[in-house]
Amino acid sequence: MPLAPGYGETPLPHDELSALLPEVVEVLGDPVTRADVYDLEQALQGQLQEEFMAAAIDGSLPLDELLTDYFVRDLHARMYGPIWEWAGKWRRLELNIGVAPERIAVELRESLGTIAYRWEHTEDWSAHELGIAVHAETVRIHPFVDGNGRTTRFLADLVFVAAQDPAELRYDWDLDKPVYIGLLRAYDGHRDVNELATFVKSVPIEVND
193 MPLAPGYGET PLPHDELSAL LPEVVEVLGD PVTRADVYDL EQALQGQLQE EFMAAAIDGS
253 LPLDELLTDY FVRDLHARMY GPIWEWAGKW RRLELNIGVA PERIAVELRE SLGTIAYRWE
313 HTEDWSAHEL GIAVHAETVR IHPFVDGNGR TTRFLADLVF VAAQDPAELR YDWDLDKPVY
373 IGLLRAYDGH RDVNELATFV KSVPIEVND
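Here this note's numbering is used: the first residue of the sequence shown is 193, the next is one more, and so on.
For the record, the hints were derived by calculation from the structure and aren't laboratory data. Among the clues, some could well be false.
[As the list claims (entries may be wrong)] Below, computed lysine to aspartate or glutamate pairings styled on EDC-like, alpha-carbon distance capped at 16 Å:
no., residue 1, residue 2
1, LYS281, GLU294
2, LYS281, ASP266
3, LYS369, GLU315
4, LYS281, ASP338
5, LYS369, ASP357
6, LYS281, GLU321
7, LYS393, ASP366
8, LYS393, GLU294
9, LYS281, GLU257
[Unchecked claim] Per label pair, the in silico range of CB-to-CB distance:
no., residue 1, residue 2, range
10, ASP366, GLU242, 45 to 53 Å
11, PRO214, THR390, 40 to 48 Å
12, VAL219, LYS393, 16 to 24 Å
Here the structure is a predicted model, which means the values were calculated and not measured. Using N, Cα and C, we set each Cβ at its ideal position, and we do this for glycine too.
The whole structure should be built from the sequences, with the hints applied where relevant.
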């Protein structure tokens with residue numbers, strides 16, 4: 193999901209700037225804008241996407257590894273570690289979204305375990321629905337200070353790809369953002385993934401995905 197027009201030109205506020213690694217601030221210079229940071233994140237995550245998607249496609253990154261709290265934390269650390277000091281660290285602040293900080297690790301472990309069990313022992317979900325269920329649950333828990341959206345969408349893609357045999361599709365995240373956010377909020381209340389899974393479409397995996 194790209195930055196809104198004009199938003200990227202905004203300098204980072206002090207609280208966000210202080211969370212950037214010093215070497216990143218030095219490289220970007222003054223002032224550091226949201227677009228500067230976004231471009232860095234996109235470049236890093238593009239490399240990770242190529243590496244991890246290939247592993248999910250060839251089976252070296254299987255579902256039983258993806259559906260763990262350890263992998264979620266490591267994925268976030270890999271995506272943001274070279275840029276932000278909060279990368280790979282569970283959220284410690286109480287927010288008006290997500291579970292209580294002290295419940296994050298437990299709820300994430302239990303939720304992913306339940307999803308994995310349901311996938312293995314029932315025929316409730318297609319591979320498409322499985323990935324969206326993982327996405328919706330991790331968004332509901334909101335495990336990190338920032339970067340939850342991109343991390344959970346990337347995780348969903350990896351799960352979707354790993355669950356297919358052969359892997360041919362990935363999600364199309366070019367979405368109507370207000371509708372998407374509304375469906376995620378609705379999921380928080382009813383925990384039914386069907387509406388969100390219907391809304392998020394899939395597209396063929398390209399060679400360079």
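Hints, one by one, checked against the model:
Distance hint between LYS281 and GLU294 is fulfilled; the C-alpha atoms sit about 13 Å from each other, no more than 16 Å. Among the hinted pairs, LYS281 with ASP266 is consistent with the structure: their alpha-carbon atoms are about 9 Å apart, no more than 16 Å. In summary, the hint linking LYS369 to GLU315 is not supported, as the alpha carbons are separated by about 30 Å, beyond the 16 Å threshold. Our distance criterion of 16 Å between C-alpha atoms is met by LYS281 and ASP338, whose separation comes to about 10 Å.
Taking the CA atoms of LYS369 and ASP357, the gap is near 30 Å; set against the 16 Å cutoff, the hint is violated. Among the hinted pairs, LYS281 with GLU321 is inconsistent with the structure: their alpha-carbon atoms are about 28 Å apart, more than 16 Å. Distance hint between LYS393 and ASP366 is fulfilled; the C-alpha atoms sit about 9 Å from each other, no more than 16 Å. Restraint check for LYS393 and GLU294: not satisfied, since their Cα atoms lie roughly 34 Å apart, outside the 16 Å limit.
Restraint check: the Cα-Cα separation between LYS281 and GLU257 comes to about 19 Å, which exceeds 16 Å; the hinted pair is violated. ASP366 and GLU242 have their C-beta atoms about 19 Å apart, which leaves the hinted 45 to 53 Å range violated. Taking 40 to 48 Å as the suggested C-beta distance range, the pair PRO214 and THR390 conforms, at roughly 45 Å. A hinted range of 16 to 24 Å for the beta carbons of VAL219 and LYS393 is inconsistent with their spacing of about 37 Å.
Against the hints set out earlier in the document, violations occur for numbers 3, 5, 6, 8, 9, 10, 12.
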